[in-house]
Amino acid sequence: MEISIRPAVFSDLDTILEIINHEILNSTAIYEYEPHDFEEQKKWFEDKMEKKLPVIVAEFETIPIGFATYGTFRDKIGFQYTVEHSVYVTPEFIGKGVGKALLGELIQRAKQQGYHVMIGTIDAKNSGSISFHEKFGFKVVGTLREVGYKFDHWLDIVFMQLLIK
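Using the working numbering, you'd call the opening residue of the sequence shown number 1 and step up by one each time.
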């Protein structure tokens with residue numbers, strides 16, 4: 001299966017929105033309850049572009065099947081070399097190398113932009129995502145207990161960290 005990675009463009013927003021909303025409604029990957037609307041996603045995309053933060057898309061046969069991005073970890077100057085990332089893949093392509101291609105490219109872009117640390121914030125029960133990140137050299141650096149609430153129960157998050165070299 002040949003996957004290509006490219007910068008996202010405005011016409012990808014419908015697919016990105018579909019992926020995000022699927023995760024909001026069906027998983028604990030995103031601790032939100034309500035689906036986003038197009039205007040909200042458009043503002044998100046414009047903000048990323050304005051701040052020169054990447055949004056990349058994985059394609060299979062010219063169809064977007066996943067996306068990844070990173071953004072500010074904390075909004076204080078001392079954290080300027082640290083980013084927090086997100087990688088999302090459509091359900092039918094999970095486990096087929098799409099996430100690997102996206103995260104690999106995202107790490108390279110972070111390195112090129114001069115970032116020093118990449119953080120992943122992962123639902124503690126998502127052992128697949130934790131294992132996936134470990135394959136890239138991410139290390140678990142902490143767990144925050146019961147900081148999220150979704151689907152009628154408390155959720156823990158795991159912080160994972162990669163020192164970009």
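A portion of the hints provided could be inaccurate.
[Said to hold, decoys possible] Below, in silico cross-link-like pairs of lysine-lysine (DSS-like), each with a Cα-Cα straight-line distance of 30 Å or less: (1) K150 with K43; (2) K76 with K111; (3) K111 with K150.
For the record, the hints were derived by calculation from the structure and aren't laboratory data. Keep in mind it's a predicted model, so treat the numbers as computed, not measured.
These are the hints, each one checked on the structure:
1. K150 with K43: Roughly 25 Å separates the two Cα atoms, so the pair holds.
2. K76 with K111: 20 Å, holds
3. K111 with K150: 34 Å, violated
Figure legend: structure checked against the earlier numbered hints; the only hint not met is number 3.
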